[in-house]
Amino acid sequence: MGRTRVVVTGMGVVSAAGTGVDALWTAARSGKSAVSELELPRPGRNYVTIAAQFKGFDPERYIEQDTLLFSDRFTQFAIVAADQALAQAGFDRDAALGARTAVIVGIGSGGINSIEDMLYAFHVLEPHYDPATNPSIIPRIPLTIPRAMGSAAPSQIGIRYGCTGPTFAVTSACSSANQAIGLGAYLVRAGVVDRAIVGGAEAGITPGSVRAWETIRLLTPDHCRPFSKGRNGMVLGEGAGICVLESAEVARARGAEPIAEILGYGTTSDAKDIIRPDPDGAAASMQQALDDAGLAPTSIDYINAHGTGTVMNDAVEAEALHFVFGAHLPKVAVSSTKPIHGHALGAAGALELIISIMALREGVAPPTINWLGRDPECDLDVVPNTARAMPIRAAMSTAFAFGGINAVLVVGGPS
Amino acid sequence: MDRDRVAEQIVDIIVQEGKVDRAQITPDATIEGLKLKSIDLVMILMALEQKFGVYIPIDGDLADAKNLNGFIDLLASRIITKRA
Numbered sequence: 001m002g003r004t005r006v007v008v009t010g011m012g013v014v015s016a017a018g019t020g021v022d023a024l025w026t027a028a029r030s031g032k033s034a035v036s037e038l039e040l041p042r043p044g045r046n047y048v049t050i051a052a053q054f055k056g057f058d059p060e061r062y063i064e065q066d067t068l069l070f071s072d073r074f075t076q077f078a079i080v081a082a083d084q085a086l087a088q089a090g091f092d093r094d095a096a097l098g099a100r101t102a103v104i105v106g107i108g109s110g111g112i113n114s115i116e117d118m119l120y121a122f123h124v125l126e127p128h129y130d131p132a133t134n135p136s137i138i139p140r141i142p143l144t145i146p147r148a149m150g151s152a153a154p155s156q157i158g159i160r161y162g163c164t165g166p167t168f169a170v171t172s173a174c175s176s177a178n179q180a181i182g183l184g185a186y187l188v189r190a191g192v193v194d195r196a197i198v199g200g201a202e203a204g205i206t207p208g209s210v211r212a213w214e215t216i217r218l219l220t221p222d223h224c225r226p227f228s229k230g231r232n233g234m235v236l237g238e239g240a241g242i243c244v245l246e247s248a249e250v251a252r253a254r255g256a257e258p259i260a261e262i263l264g265y266g267t268t269s270d271a272k273d274i275i276r277p278d279p280d281g282a283a284a285s286m287q288q289a290l291d292d293a294g295l296a297p298t299s300i301d302y303i304n305a306h307g308t309g310t311v312m313n314d315a316v317e318a319e320a321l322h323f324v325f326g327a328h329l330p331k332v333a334v335s336s337t338k339p340i341h342g343h344a345l346g347a348a349g350a351l352e353l354i355i356s357i358m359a360l361r362e363g364v365a366p367p368t369i370n371w372l373g374r375d376p377e378c379d380l381d382v383v384p385n386t387a388r389a390m391p392i393r394a395a396m397s398t399a400f401a402f403g404g405i406n407a408v409l410v411v412g413g414p415s
Numbered sequence: 001m002d003r004d005r006v007a008e009q010i011v012d013i014i015v016q017e018g019k020v021d022r023a024q025i026t027p028d029a030t031i032e033g034l035k036l037k038s039i040d041l042v043m044i045l046m047a048l049e050q051k052f053g054v055y056i057p058i059d060g061d062l063a064d065a066k067n068l069n070g071f072i073d074l075l076a077s078r079i080i081t082k083r084a
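Residue numbers (the working numbering), protein chains in the order written: chain A, 1 to 415; chain B, 1 to 84.
Nothing false has been slipped in among the hints.
Calculated cross-link-like contacts (lysine to aspartate or glutamate; reagent style EDC-like; alpha-carbon spacing at most 16 Å):
1. A:Lys55 x A:Glu37
2. A:Lys229 x B:Asp61
3. B:Lys37 x A:Asp273
4. A:Lys229 x A:Glu377
5. B:Lys35 x B:Asp64
6. A:Lys229 x A:Asp381
7. A:Lys229 x B:Asp64
8. A:Lys32 x A:Asp22
9. B:Lys82 x B:Asp59
10. A:Lys229 x B:Asp59
11. B:Lys19 x B:Glu32
12. B:Lys51 x B:Asp12
13. B:Lys82 x A:Asp222
14. A:Lys331 x A:Asp381
15. B:Lys37 x B:Glu17
Facing chain B, a subset of chain A residues (Cβ under 7 Å, in silico):
16. Tyr47
17. Ile216
18. Arg217
19. Pro221
20. Asn232
21. Val311
Hints listed in this document are in silico derivations from the structure and should not be mistaken for laboratory results. All C-beta atoms in this analysis are idealised placements derived from N, C-alpha and C, irrespective of residue type, glycine included.
For reference, chain A alone in the conformation it holds in the complex (with noise of 0.2 Å):
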């Protein structure tokens, strides 16, 4: 008897380039940046005045005043994919999916919106406050816990379609996403659970934050360029990227029309900087996904690069990608996609997998925008700056974060 093999039945999304799938996909494949002009509800010292935000989200045609209250941005772009993600898989909002469901979300900062106002409450407008003429500091303060906690996100999603199984956040800054869903993908293959929701969501574009990435210098004050000569930093993103993984014998049984298979998963940690990464550590992760996944490094076509646009990630990843894929390398496409949506953080595994399985269906491997040329220490096909039409067999999707964790998919088509 074989494995079980794990396919995906549901995808949504909400990015910097709006709500859905084909938002993410359509700005991606035509290398149309949802990168814009900064804006923070209020004003900072940032030099920084660039990111990738969804500004005209608008959560309250999505979700009840009362599931609201309790989310943080980061929680609302969450039960917005899930519900696109549920509804393409064929469950309502009366699902009662039980205790055969997991839902694993990946977080990165969880809700800092949240923790920022709070503290901006607590430090600025409390000491002066008037309840005369200043109602408003109120609800910033007693609901910070239940709005900040990472876990929010799992838990609201579990609410919702009446998820008992595993609910967990799973946070490993930018490895969060793949590492919860590569765990979900874990958990429906070992029979734990039939089902399981996964992603990552995130929104941590705060004054605060910005702040922060643009004095740890990981930010660009121009173009995100990843693997270009010339780079110069990331751009911030956010938003959510949830799947439905099931088991091919689960999905069948219900006539459910699987998406693509998640063919592997690795995870490593490099165990040995908080802040700079190792090619050591992100080539066994590689390796571990593709003998996971039991492929040969020839049968990858695309692979969507974590691709940060830092002078450092992008080198130590392409020595990587040489290490793993040898002499295969100059035949697979190798594309980031974070100019286009930003990197989000907890988020980008799970926006990056969803347009690794778009391309793959469609046969089109996604460009690299901003590229200017050619930086020998990233000697890459990065499909500059135009998107290739090729037939994918299979894909990958790499993460490699602060902290040194390390975490990749493989997926294939649905067969």
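Given chain A, work out where chain B should sit, using these hints.
Chain B only, in chain A's frame:
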């Protein structure tokens, strides 16, 4: 801006934020020899930002700088260009 004056201020910041002994700031000093790591670079750039009001991202030239004089020269150029 006076380039020599900017360079002097950059040296002051390298000494303070990079925790470098001023006597080690010599014409043949290297980044590696001064044991300046990437996190020291981050602190130096933050201090320069506060002093000069310019955001200097880390690009390949800055990341690959080996020689201290070249490094100071690069920083001075970035500051003067951005302030212009």
